[in-house]
Amino acid sequence: MQRLRVRYAKRGRLRFTSHRDISRAVERAVRRAGIPVAYSAGFSPHPKISYAGAAPTGVASEAEYLEIGVTTPCDPRQVKTDLDGSLPPGLDVLDVVEAGPGALADRLEVSEWEVRLPGADREHAEEAVQKFLAAGHVEVERLTKKGPRRFDAREAVLRLTVPEGTGRTAAQVPGQSCVILRMVVRHMTPAVRPDDVLTGLRLVADFAPPVPPEVTRLAQGPLDAGTGALADPLDLDRDTTRGGEAGPAGEHVAG
Amino acid sequence: MTAESIFPRLEPLLPKVQKPIQYVGGELNSTVKEWDSADVRWALMYPDAYEVGLPNQGVAILYEILNELPATLAERTYAVWPDLEALMRAEGVPQFTVDAHRPVRAFDVFGVSFSTELGYTNMLTALDLAGIPLVAAERGDDDPIVLAGGHAAFNPEPIADFLDAAVLGDGEQIAIAITEVIREWKDEGRPGGRDELLMRLAESGGVYVPRFYDVDYHPDGRIKRVAPNRPDVPWRVHKHTVMDLDEWPYPKKPLVPLAETVHERFSVEIFRGCTRGCRFCQAGMITRPVRERSITTVGAMVKQGIEESGFNEVGLLSLSSADHSEIGDLAKGLADRYEGTNTSLSLPSTRVDAFNIDLANEFSRNGRRSGLTFAPEGGSERMRKVINKMVTEEDLIRTVTAAYSQGWRQVKLYFMCGLPTETDEDVLGIADLAKKVIKAGREATGSRDIRCTVSIGGFVPKPHTPFQWAGQADHETVDRRLKALRDSLRRDKEYGRAIGYRYHDGKPSIVEGLLSRGDRRVGAVIRAVWEDGGRFDGWSEHFSYERWMAAAERAGVDVDWYTTREREENEVLPWDHLDAGLDREWLWQDWQDAVSGGEVEDCRWTPCYDCGVCPTMGTEIQIGPTGRKLLPLTVV
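From first to last, the protein sequence lines stand for chains A and B.
The first sequence: position 10 = 10 (this note's numbering), numbered continuously.
The second sequence: position 453 = 453 (this note's numbering), numbered continuously.
By construction, these hints were calculated from the structure, which means they are not laboratory data.
Wrong hints could be hidden among the right ones.
To be verified - Distance windows between CB atoms, simulated:
no., chain 1, residue 1, chain 2, residue 2, range
1, A, 188, B, 540, 39 to 45 Å
2, B, 339, A, 50, 24 to 30 Å
3, B, 483, A, 72, 54 to 60 Å
4, A, 187, B, 33, 43 to 49 Å
5, B, 8, A, 133, 33 to 39 Å
6, B, 140, A, 119, 33 to 39 Å
7, B, 500, A, 188, 39 to 45 Å
8, A, 77, B, 540, 47 to 53 Å
Stated by the list, open to error - Pairs of lysine-lysine residues, derived as DSS-like cross-links and limited to a Cα-Cα distance of at most 27 Å, are as follows:
no., chain 1, residue 1, chain 2, residue 2
9, B, 412, B, 507
10, B, 412, B, 435
11, B, 19, A, 145
12, B, 303, A, 48
13, A, 80, B, 303
14, B, 252, B, 629
15, B, 16, A, 145
16, B, 19, A, 146
Here a beta-carbon is modelled for each residue, glycine too, at the ideal position from N, C-alpha and C.
Kindly generate the complete structure, drawing on both the sequences and the hints.
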């Protein structure tokens with residue numbers, strides 16, 4: 001069975017979709033697009049579509065991944081066009097490759113996040129980041145379905161910066177400043193999410209943004225041990241599968 | 001008022017609420033038009049949460065039809081949950097449409113579709129958030145016309161103070177007609193303001209404008225008279241009936257939500273109306289006569305709907321779907337067409353009839369085999385005669401035996417409690433019936449691995465039915481019988497564990513009864529409940545019986561008088577001036593027949609029994625067979 005690996009984005013107001021919302025939308029889009037998706041056997045057949053580490057509800061992403069099993073071999077470029085055309089605008093297909101050996105999930109070692117904080121104070125943010133990075137351990141609490149859970153938010157954070165410049169955000173009031181945080185966070189258990197890092201910033205320096213942050217996942221992938229850069233997790237599939245012409249050059253996102 | 005999108009103000013609130021996706025719109029097949037491209041604009045509301053409202057067929061059909069009209073636009077709005085309501089109030093964000101996030105108050109018409117009376121408080125929340133005065137008489141020329149439709153609009157009296165207008169019956173043609181009246185009035189420069197527009201609508205006889213009718217009462221509280229208070233307003237307002245459903249094949253492009261909703265499927269109405277004559281069933285009485293959609297139109301609608309939506313389930317809707325004259329060919333044709341595509345078909349509302357097992361087998365060929373549901377409604381033969389549900393115990397046992405022996409493992413049985421003339425024994429009869437069902441199933445299959453679930457709800461007498469005069473059972477009686485039934489099922493060592501039991505307590509039915517058969521004086525109760533925080537009354541976690549009773553007491557409304565009191569033949573009922581086509585004398589005679597055990601056949605197959613609808617409304621029964629078959633299609 002051919003398996004196709006899909007990188008897609010969740011943008012704008014569609015960042016409010018939950019993982020379940022996306023899986024329903026993808027199943028329907030696959031049907032509309034006429035992609036010959038394989039179904040599981042049994043009493044209640046399900047399409048063979050699997051998802052790797054979905055971004056939380058309310059968080060936008062430029063780098064979500066899923067895998068589709070198909071019954072007849074498909075041209076990944078055609079699937080990219082057809083699937084993108086069938087998904088609602090805001091769920092956008094960015095890349096499709098035929099899967100090579102190895103599990104995709106194993107390659108998604110780290111995520112790079114951008115956190116926009118409209119109305120936040122830049123100097124305060126920089127001070128909080130310094131204190132956070134200087135700390136060896138920042139224990140935070142998050143309310144999970146199983147109740148409150150305490151864990152360290154510091155260890156997973158490989159990089160955390162306050163880059164220059166401010167961008168426009170959806171909620172931004174004209175004339176209001178916007179602080180941007182960039183972070184590279186290792187995938188661990190329990191998962192450390194950008195809001196956990198923000199909780200950490202509040203704990204170490206009493207830094208609290210005035211309105212809800214706008215979070216975007218920019219990239220996911222393996223970490224190059226040598227350069228420290230984040231690599232495109234689909235490059236390995238492009239290298240190993242037949243007809244695997246070099247796709248869009250692997251986006252190496254520097255931290 | 002400005003119609004600019006409020007989304008920039010809404011967006012910062014969304015990370016703080018549950019299921020924010022329900023408020024962002026962007027559904028596949030939704031329509032956003034330029035505001036200035038239209039001169040008549042409708043905001044359509046289903047007054048419940050998005051997850052319940054989005055799949056509603058009535059709103060979906062009107063949304064599509066209105067958006068197809070030139071220079072007309074329609075957008076949708078739903079009830080917001082209390083978490084977002086609080087934030088909207090704090091930030092001054094008005095009730096908005098999900099399509100273009102425009103404020104509801106900017107539209108010409110605010111149309112609310114009521115399938116149930118329990119949405120009334122949610123309408124008040126929406127009006128208030130929209131900045132539209134709750135009381136119709138206080139609205140100005142800049143406010144939309146607040147218009148009610150749906151089955152509950154056949155007695156809109158309890159919400160008469162909050163409505164500018166109401167429409168009875170099928171909405172397709174009257175929505176277009178209303179649009180044209182508004183367009184003409186606006187083109188002429190809005191002569192006479194809001195009052196004249198309402199007069200133009202009322203004069204047509206097809207739109208009920210409550211303020212143009214005065215209600216007088218007897219000293220004992222009964223209604224003395226309902227009469228127009230101006231010339232040219234008709235004494236009675238008539239319901240609308242769309243003839244030839246093949247001419248109205250909507251929805252064509254089903255809305256596909258991102259959020260999870262209660263029905264995740266493409267639904268097609270295969271016919272409207274039902275003449276089975278079940279006396280408790282308001283839908284069956286007010287949607288007469290039966291009008292079938294032809295097998296070929298249904299086939300074409302299913303094809304287009306599946307292609308446009310990507311849904312993997314098709315629902316063939318009606319009040320009794322197995323009664324379509326070509327249901328067998330339709331089931332087989334669709335099952336053949338979608339063989340191997342994991343597209344399942346479902347047939348809600350089936351009667352107790354062995355033929356339906358064959359249908360169910362066809363329907364489950366390509367997808368999940370879910371449970372089978374039948375609705376005997378009454379537990380004893382006597383009870384079923386009273387409600388004119390002509391199903392014998394023998395029919396039921398034969399049907400479930402066929403189901404079990406063909407591999408179905410689970411059968412659901414629906415009943416009602418609190419029916420007119422009901423005794424404790426009638427309800428306990430449900431336990432006997434369920435035990436016989438399991439016994440027959442075990443004998444037929446040689447297996448103990450079969451189940452049946454008894455689901456039972458409280459009966460509420462509804463306007464425009466033979467039971468409109470009946471006294472509703474009080475909730476203590478209903479609860480006592482439900483508990484006795486539960487005990488009887490649980491006690492049984494041989495069968496008890498194979499029988500599931502689901503029931504609702506009797507209190508919500510009393511509130512539903514108050515709202516169903518209430519008059520204008522009940523409006524004060526609705527408003528008081530809403531002011532006291534009443535929201536989402538159809539949801540048990542939000543509903544508060546105590547809040548309703550306290551509000552009724554403050555408003556001086558005697559709930560028993562409206563619910564458990566039996567009415568006399570000559571009492572003027574609050575909805576007598578609203579014409580569903582049913583002959584009042586026939587309804588009364590049918591009520592008398594009910595008490596004495598007389599049955600009525602279905603007029604599709606037996607001579608007309610003069611219910612009055614066809615001659616009054618100028619309609620006729622439209623049924624097949626057409627003799628045509630579904631052609632196989634090439635399926636991707």
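Hints and how they fare:
1. 188(A) with 540(B): 39 to 45 Å: At 41 Å between Cβs, range holds.
2. 339(B) with 50(A): 24 to 30 Å: Cβ of residue 339(B) to Cβ of residue 50(A): about 27 Å, so the range 24 to 30 Å holds.
3. 483(B) with 72(A): 54 to 60 Å: Holds - the Cβ-Cβ distance for residue 483(B) and residue 72(A), about 59 Å, lies within 54 to 60 Å.
4. 187(A) with 33(B): 43 to 49 Å: holds, 44 Å
5. 8(B) with 133(A): 33 to 39 Å: For residue 8(B) and residue 133(A) the Cβ distance comes to about 34 Å; the hint holds.
6. 140(B) with 119(A): 33 to 39 Å: Holds, at about 38 Å.
7. 500(B) with 188(A): 39 to 45 Å: Check passed, 44 Å falls within 39 to 45 Å.
8. 77(A) with 540(B): 47 to 53 Å: holds, 52 Å
9. 412(B) with 507(B): holds, 24 Å
10. 412(B) with 435(B): Cα-Cα ~13 Å, so holds.
11. 19(B) with 145(A): This hinted pair holds, its Cα atoms lying about 15 Å apart.
12. 303(B) with 48(A): holds, 24 Å
13. 80(A) with 303(B): Holds, at roughly 25 Å.
14. 252(B) with 629(B): holds, 21 Å
15. 16(B) with 145(A): holds, 17 Å
16. 19(B) with 146(A): holds, 19 Å
Checked against the numbered hints listed earlier, the structure breaks none of them; every hint is satisfied.
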